[in-house]
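Novice: Listed below, chain by chain, are the residues.
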Amino acid sequence: MTRPLLRLVAGRATAVLATAVLATAAAGCSSGSGGSSGGSSVKSLSVGFVAEPSNLDFTTTDGVAIPQAMLVNVYEGLVKLDQDGKIVPLLAKSWDISDDRKTYTFHLQDNATFTNGKKFTADDVVFSLNRVKTDWKVSLKSAMDVVSSVEKKDDTTAVVTLAKPSNSWLYKMATRVGAMFSRDGIADLANTPVGTGPYKLESWKRGDAITLAASPNYWGTKPKLEKVVLKYFKDATAMNNALLTGGIDVISTVQAPESLQQFTNNSKYEVIEGTTTGEVVLSFNNSKAPLNDKRVRQAIRHAINHKTLVETAWAGRGQVIGGMVPPSDPWYEDLTGVTPYDPAKAKALLAEAGQSNLKLRLRIANLPYAVAAGQVVKSQLAEVGITADIEPLEFPARWLDVVFKQADYDMSIINHVEPRDLGALFGNPNYYLRYNNPKVQELLAKADAGPESDQIAAMKEAARLVSEDAAADFLFLFPNLIVAETGVTGLPKNLVSESFDLTVLAKAKG
Amino acid sequence: MSAPAARRRVRRLNASMVVGGALVGLVVLAALVSFVWTPHDPVHVDPAHRLAPAFGGDYLLGTDKFGRDVLSRLMVGARTTLYVGIVAVGIAAVLGTPLGMLAGMVGGWSGELVMRANDLLFAFPALLLAIMLGAVFGASALTAMVAIGVATIPAFARVARGQTLSVMHTDYVLAARSAGRSRLAIALRHVLPNIASILIVQASVSFAIAILAEAALSFLGFGTRPPTPSWGRMLQESQELLFSTPRLAFWPGLAIALAVLGFNLLGDGLRDWLDPKLREGR
Amino acid sequence: MALYLLRRVAVFIVSTAVAAVAVFAFMAVLPGDPAAIALGVNATPEAVAAKRAEFGTDRPLAVQFLAWVSGLPTGDFGLSYVSGDRIGPQIADRLGVTLWLVLFGMLIATVVAVPLGAAAAVRHRSVTGLILSGLSQVGVAIPAFLAGILLVFLFAVTWQVLPSGGYTPLAEDPVAWFQQLLLPALSLGLVQGAVLSRYVRSAVLDVLREDFIRTARAKGMGLYRALWRHGSRNAAIPVVTVLGLQLATLLVGAVVVERVFTLPGLGSLLLDGVANRDLLLVQDTVMVLVVAVLAINFLVDALYVVLDPRLRDLSPRGAR
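Protein chains in written order, with the UniProt record's numbering: chain X, 1 to 510; chain L, 1 to 282; chain Y, 1 to 320.
Chain X with its partners taken away, still in its complex shape:
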């Protein structure tokens, strides 16, 4: 079973993972966009992001900002996720799975090199995967717990043996835990990433921007751009303004959806709308009265009108899902009917539970989506006689400490962005939701071990159980909203992995 995992989206950098980190007075990277001369396509583009990494080492530092910038772009794994969330080859050309589904044989690319000039071989696979267990500090290293051995067969063949069959393992290999490191390239991971990817780090101006430059000896299809500038904004409006004034070419994720109007009716800009794997969850402290009473939790779910919530809080962008599974997963099922909006029923359930004048602490992350959704939740709960006291906690540090670590809360709102995180949230009684349902745990274990057909059936059942149990309320699926200057191509419609893939980004000159 997975241990508590956490990957949360930092909605905006006000709260941000972004820190301030050292700054070796490094110069470099201009804020401007646009290309240099020559060629039929633009040579450099700037993309606006909200969460700046505090350092570049995702082996010791949690948070989605680092893999968002580094994974696939600078570091590569053996496999990666495509636009539909399917596992496709990357550094492994192909792989064979044994009949007992415990042995994976990876056939590797033979022409890949790291940016330090070293050739990528099976030794690096052994080194990188073993290092997860020994040196990684973040909680998601547990994804490799199931690995019993990693061996080199020859330079281009690596064999991984699992202790038991696991469907989620190969999937996890597409995330940051599967990233390949050079044996000679880990001296200064925080500042000097060494990967096999199409880009290498050129410069990092702390508090401002990271510049990636195309790696000259990349083994695969070379990117069309010579440079990508990842520019970080603490403020959604500032990012919008930067696009409007040519400071950046792309807004990677819109944090102020009401402001989209500026771009939708303007031929200079293109709005891309798709889905993410981020469920904005109204989490309940399932072990603590009064929310240890299923009827109270159900009452809250019945009291919330999700459709109007999305309309008012997030400009109607975002899908109502009713469960913890996004439509991009094979075991998705529309669960919005499980607890439909029904204030009368909510009141009845509260009366049945013997609750009147219920007061609950709503300790949310101080991120735009949470603050907006929180105010709607509060107002809707007031209609059925529940008082919710909103307390925004600074994200990440304070929210992590108070809600996530100490579970000192009644309700919270956070976007759980990690793909396939049903098990992480509801399969572990120690997770901050404190949800303990042996039946769900059993189903999750069965899904991970069994063949694919079993997996889908078991996951569906687990997701439905969680929803029926009202272990949390699922406010909406966070939309993937990208705004770009017209002509920019290669942007992901759906955000199904934890990296923001910049490898095919391009813009025709004109």
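It is possible that some hints are incorrect.
What the hints assert, rightly or not - Partner residues aside, some chain X positions facing chain L, computed with beta carbon under 10 angstroms:
#1 THR308
#2 LEU309
#3 ALA372
Note that these hints are calculated values from the structure, not bench results. Idealized CB from N, CA, C, for every residue including glycine.
Could you slot chains L and Y onto chain X? The hints should help.
Specialist: Positioned in the frame of chain X, the structure of chains L and Y alone reads:
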């Protein structure tokens, strides 16, 4: 003290004071009325009436993206503003005035020490204190008020000390001292009444500064918690709609500006009114 | 005069020392163990203990304080709890941005305030004077961040003549540097200019009543010329005081304006530090800001002596 006081009463009111008083009065009135009546519930989310236009229909100043009535929120926001201002200025006056008086009456190295400590506190501006307090206790209206209040102590202490120094040389204080009155008695009987007017002026000016500080803090997310309306928070929330619905930024912006203007003008006017020597110039 | 300056220096040093104690003590009472925070949610007690030893937070507070303070003068601000990097260079980098912003803002404030205030004083009985005074009152009442939002709306978004934010170092591209700094500096400078102009006005009014101006006028000198030749030094004393106070205000006001314009200055460093609970970084940043304010006060005091010869004679009697 009755003679000068009487003269004050007949002195003509000046324009600054009238305008400033009217603006402050408007803010106070809005805040008071909001306790008993607002056109709509200021925190009720009403998706059916999102972004309703101003001057038409049920909503005089329109609604925000949550369908909340802007006028109601402005009125309750006035309450927040006054609340923060009163507590902050109260803290500053209650702590700063005795310190300043002490420094002015005692003098010597202990008086010097008080003023040096005061100068030191001056180096911790309200915003910095509020961010630090917010980091410790979690940001709220309370941390904002306390921070603004503590940061305003030096302003009161300085004014109180300066005025106390001049009062200490007046005949009646010298007489009281030679009559063997205790320092406390002199402070309460003679000094305080004589520095009260300048302190009122200071309070008005500090109030204006407190309003600005609260707005900045709410803008940064270190102030009043949602959904409680505060003008700074309303401004912050209006930003994403600045292009399509600029009025959402206009009203709270105007409210802040008018309130600050009001307290500043009132302070100026009071200063002129209370201190005839200064009338000519400033 | 030397004695006066010496006393000022002593006051500055003692104040800085006391401020260091205050800042350190304040951060020491913060709940939460930096080591535990840095390691995240699943750290073992042993790992936390090791981290504590690494940070040096297992030592007695007094030892920690001395270690911290003794590093400050040499620019050794310690290592960030979050990134493990040296904080000193980072602060130096960010301080550069903020100082440019503040200086630029101050310059704009002065350029706006001096003529505006002088004109308002000279014409204080006319309608023009009244309008100028009113204008400054309105300026004072507008928060700097609101001015920033408005300036971006107009100059960057609507007219597209200036960038809406960002920062390019001066050495890299002076033109971009200037363009990007102009709007933030204006939002700080215009508001502070309004504040300053009120002091300029009253300072000039005082000077106008002085005999030497009347004498100069009687000799046929033009009013503005007389003011410039004879009055500027006298009017400068109160104005310089206010300028000093305002520099401190600007330094803090920059925190908000940096947010509006996404400038990588000290303010954003501080806010990031708070959000990430990078406590040593917060402690260092606050200390730098406080010392900057104290230093400004010291310089203002020192300037007094230069500007006001009378103070030189008085100075032995004390720092009044």
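Novice: Indicate, hint by hint, whether the structure satisfies it.
Specialist: Do the hints match the structure? See the list:
{"no.": "1", "hint": "THR308", "in the structure": "4 angstroms, holds"}
{"no.": "2", "hint": "LEU309", "in the structure": "8 angstroms, holds"}
{"no.": "3", "hint": "ALA372", "in the structure": "8 angstroms, holds"}
The structure shown violates none of the earlier numbered hints.
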